[in-house]
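Visitor: Starting from the structure of chain Z, add chain E where the hints point.
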Amino acid sequence: SPRYAALCPAAEGEQRARSELRERFLRTLAAAAHKAARFTMYERVQVQARFGASDVDVLNFHVADLQTPIGVQRDALLRAQDVISFSFDL
Amino acid sequence: MREWREKEALEWSRYAFNLVRVTVCGDVQYEGWVFTVDPVSASVVLVNFPKKGQTCVQVVMGHAVETVEILKEADENITMQLTNMFSPAATETLSN
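Going line by line, the protein sequences match chains Z and E.
Counting with my numbering, you get residues 1 to 90 for the letters of the first sequence.
Counting with my numbering, you get residues 101 to 196 for the letters of the second sequence.
Bound conformation, chain Z alone (with noise of 0.2 Å):
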């Protein structure tokens, strides 16, 4: 707000690239969607999945047809923490 800018104005700059970089991150995990993800996480597991939703501090992913050794897992929350990197393809 301009009350907050007026009070701390150094914060400004830092408060609107702060926003622009989640905005794209969002806009990341919307197109990411419903699409099939290669999950890499620690050990070098790699897991193949159809990717859901992230929740808001990215701290668990819901995916969907989770490939595992034992079977394909319809629904799974996978923890952000064991994960490395995952991809996908636009």
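By construction, these hints were calculated from the structure, which means they are not laboratory data.
Warning: the hint list may mix true and false statements.
Some chain Z residues judged to face chain E by a derived CB distance under 7 Å, without partners named [as the list claims (entries may be wrong)]:
no.	residue
1	Phe25
2	Thr28
3	Ala31
4	His34
5	Lys35
6	Arg38
7	Met41
8	Asp82
9	Val83
10	Phe88
Backbone N, C-alpha and C fix where the C-beta goes; we use that ideal spot for every residue, glycine too.
Guide: Just chain E now, with coordinates in the frame of chain Z:
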């Protein structure tokens, strides 16, 4: 590892649209154009164009990032391409 997560948004912004190499877990590296860095989780979104008309998006989790090194500065062309990629205007074509 802690250093990357503790950066401020303006510092992360300076990486946007540059070609970078992200190192995780000592020896695993990812390269790509930075679309954004999530200010909440410090995760880096990298975009690659392996073939014409093909776009691959890689999200590297902030907690795993060790170093991020800039390989090539952004140019106008890639900045335009990345900003238009996920914009609402680009997704409107789905309703046709």
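Visitor: Next step is simple, just say for each hint if it's right about the structure.
Guide: Against the structure, the hints come out as follows:
Taking 7 Å as the C-beta cut-off, the interface hint given for phenylalanine 25/Z holds, the closest approach to chain E being about 4 Å. For threonine 28/Z, the interface hint holds, the least distance from its beta-carbon to any beta-carbon of chain E being 5 Å, beneath 7 Å. With a cut of 7 Å, the hint placing alanine 31/Z at the interface with chain E holds, because the nearest CB-to-CB distance is about 5 Å. Because the smallest distance between the Cβ of histidine 34/Z and any Cβ of chain E comes to about 12 Å, over 7 Å, the interface hint for this residue is violated.
Of the supplied interface hints, the one on lysine 35/Z is violated, with its beta-carbon coming no nearer than about 9 Å to a beta-carbon of chain E, more than 7 Å. Taken as an interface hint, arginine 38/Z does not check out: its beta carbon lies about 9 Å from the nearest beta carbon of chain E, beyond 7 Å. Interface restraint check for methionine 41/Z: the shortest CB-CB distance to chain E comes to about 10 Å, outside 7 Å, so the restraint is violated. Here the hint on aspartate 82/Z is broken, as its CB sits about 9 Å from the closest CB of chain E, past 7 Å.
Evaluation of the valine 83/Z hint against chain E yields a held restraint, the C-beta minimum of about 6 Å falling below 7 Å. Interface restraint check for phenylalanine 88/Z: the shortest CB-CB distance to chain E comes to about 6 Å, inside 7 Å, so the restraint holds.
Violated hints for the displayed structure, listed by number in ascending order: 4, 5, 6, 7 and 8.
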